[in-house]
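> Keeping their order, the protein sequence lines are chains U and E.
In this text, residue positions in the first sequence follow our numbering: the first is 1, and each later residue adds one.
In this text, residue positions in the second sequence follow our numbering: the first is 342, and each later residue adds one.
I should point out that these hints are in silico values taken from the structure, not numbers from a laboratory.
Check before you lean on any hint, since a few could be wrong.
To be verified - Derived EDC-like pairs: lysine to aspartate or glutamate, alpha-carbon spacing no greater than 16 Å straight-line:
id, chain 1, residue 1, chain 2, residue 2
1, U, LYS113, E, GLU531
2, E, LYS526, U, GLU164
3, U, LYS113, E, GLU398
4, E, LYS524, U, GLU164
5, U, LYS118, U, GLU98
Computed from a prediction, not measured in an experiment: that's the story for all the values here.
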Amino acid sequence: MRIHIHGSDEIRSSEITPERIYMNRRRFVGRAAKLAAAAAVSPSLLACAPSPGRSEELSDSGGSGEAGRSGAPGQSGIQERDWSAVRSELDEPLTRYEDVTTYNNFYEFGTGKEDPAKNAHTLRPRPWSIAVDGEVARPAIYDLEDFVSPHRLEDRVYRLRCVEAWSMVVPWRGFPLADLIRRVEPTGKARFVEFTTLHDPEQMPGQRRGVLDWPYVEGLRLDEAMHPLALLATGVYGRDLPNQNGAPLRLVVPWKYGFKSIKSIVHLRLTEEMPATAWAVAAPREYGFFANVNPEVDHPRWSQARERRLGQLRKRPTLMFNGYAEQVEQLYAGMDLRRSF
Amino acid sequence: MPAWTCAARSNGLFLMASSAHRRRAAAKAAIWVSALTPAAWLVWRATQGELGANPIEEVLHRNGWWGLVLLTTTLAITPVRRLTGWHSIVRYRRLVGLFAFFYLTLHFSTYLVLDQWLAWEYILEDIAERPFITVGFAAWLLLLTLALTSTRGWIRRLGARWQRLHRLIYLASALGVLHFYWKVKADTREPLIFGAVIGLLLLARVPAVQRMLSRVRTGPALRAGRHVAER
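One chain only, chain U, in its complex shape (with noise of 0.2 Å):
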């Protein structure tokens, strides 16, 4: 599936990452030469696609002279591509690998900001498996593998906007949520997806204690869940993800708080009714079900109206729907977006 973003004036672009600087940018090692002279390719295609299960591999299908003299993949060494020179139009950098996995919110390995990172070696990401139930024609229980290997996975470059007022460019690897629902078939009575992170306090210590209503439970309304930006995210910069962000598969729904994308999934559920969310639950007045982020809103107890870009000193405004307004607002026509927070 190819997603056409395009940048207005007024959210100021998406640091989605437009193809065109996203492929020119790219460096190969080895390929700079003959990908020299190579044309910029379709600006209107988000999605350069890696053979399923094969995430080292990496479609190729332009770059630049610029790109190609200085060769040399990036200090991280993460695969193959300079992530640390893919940008967007306004110049904006992917927020470094370090920081996105050190700095995690990911309660059920401690609450605080680096204990992810550091707890979570105790995580079994395979083998894994994924329950898909509920208002489904076809439930049915899955081997990671399996669950994922009939999708083309893809890398997309989405902010993340944390409830907690700070932010990051992710270059994400997954699939379109939309197409895993297509293909369980939801029956008529479908409403919502809620989805469920792994109880297991052997594997999870952070749920030995009472912090949240273990297990994390997150959900979407099937509108939403269809809508082509949100993703089933296997991968991280090329990788899979580590433990830290949510390995084996988690859910990225860009528009919304940073909570609304669970991690570690085990089961989904399609339904009839809301699903009763982690957040939701733990503090009702504080966080809902939508969690679009949204500047107007603030949280009970601090501004929503800017944030902090990780990497960056100054903060910035807060945009409408985290920048994807243009995408996803006819989601909410209608709804009065304060009392459904």
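Add chain E to chain U, keeping to what the hints say.
Just chain E, lined up with the frame of chain U:
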């Protein structure tokens, strides 16, 4: 009396006085060094780029945390004195209190400068509308008052009122804990621990509890005395 005897005696007194003085100076130096260590460590980590993905938040939280620790330490001095009979410990209370103020001022300045970049419209909105910031700011204002009136001149000038004024540290500590408690999202363990410790330290100031603490100290001596008498 031969001159040398006199010289020797006064010399001995001088030696005694100077050793007490030296002990005190050493204790103060130790307080300076240990109280400044967290700040120095933070600076060192900053120069090494080891403050993590969100360095401003790290500086903000570290300074606030150490401020609360030192505030708690300041509050602990009087109960410890009562419990142990180590009266001279009170000499160091002002210094520890001022270091608490030092860290909390760093905390507040980090918020003003690094977090907000002196965006006054947002800062005023925060102070006016966000209770956790309102109480944090109030606590800092109280401590500012106490720091400013901590000099000998002010102690003399205020007389008996000085002690009453400086009891505001109780309120400031309570507000500090509330600030922390209201700030965290779900994991309230740490602010609750601070709250419990500070709560106990305040409880230790209730007259009946004070008497009990003094008895704990004199108790063993009395029992020992009785034991001797029985024998």
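> All the hints need checking, so say for each whether the structure fits it.
Evaluation of the provided hints:
1. For the hint pairing U:LYS113 with E:GLU531, the CA-to-CA distance comes to about 15 Å; that is within 16 Å, so the pair holds.
2. At most 16 Å may separate the alpha-carbon atoms for a hinted pair to count; E:LYS526 and U:GLU164 meet this at roughly 9 Å.
3. Taking the CA atoms of U:LYS113 and E:GLU398, the gap is near 11 Å; set against the 16 Å cutoff, the hint holds.
4. Restraint check for E:LYS524 and U:GLU164: satisfied, since their Cα atoms lie roughly 10 Å apart, inside the 16 Å limit.
5. Distance hint between U:LYS118 and U:GLU98 is fulfilled; the C-alpha atoms sit about 13 Å from each other, no more than 16 Å.
The structure fails none of the hints (numbered hints given earlier).
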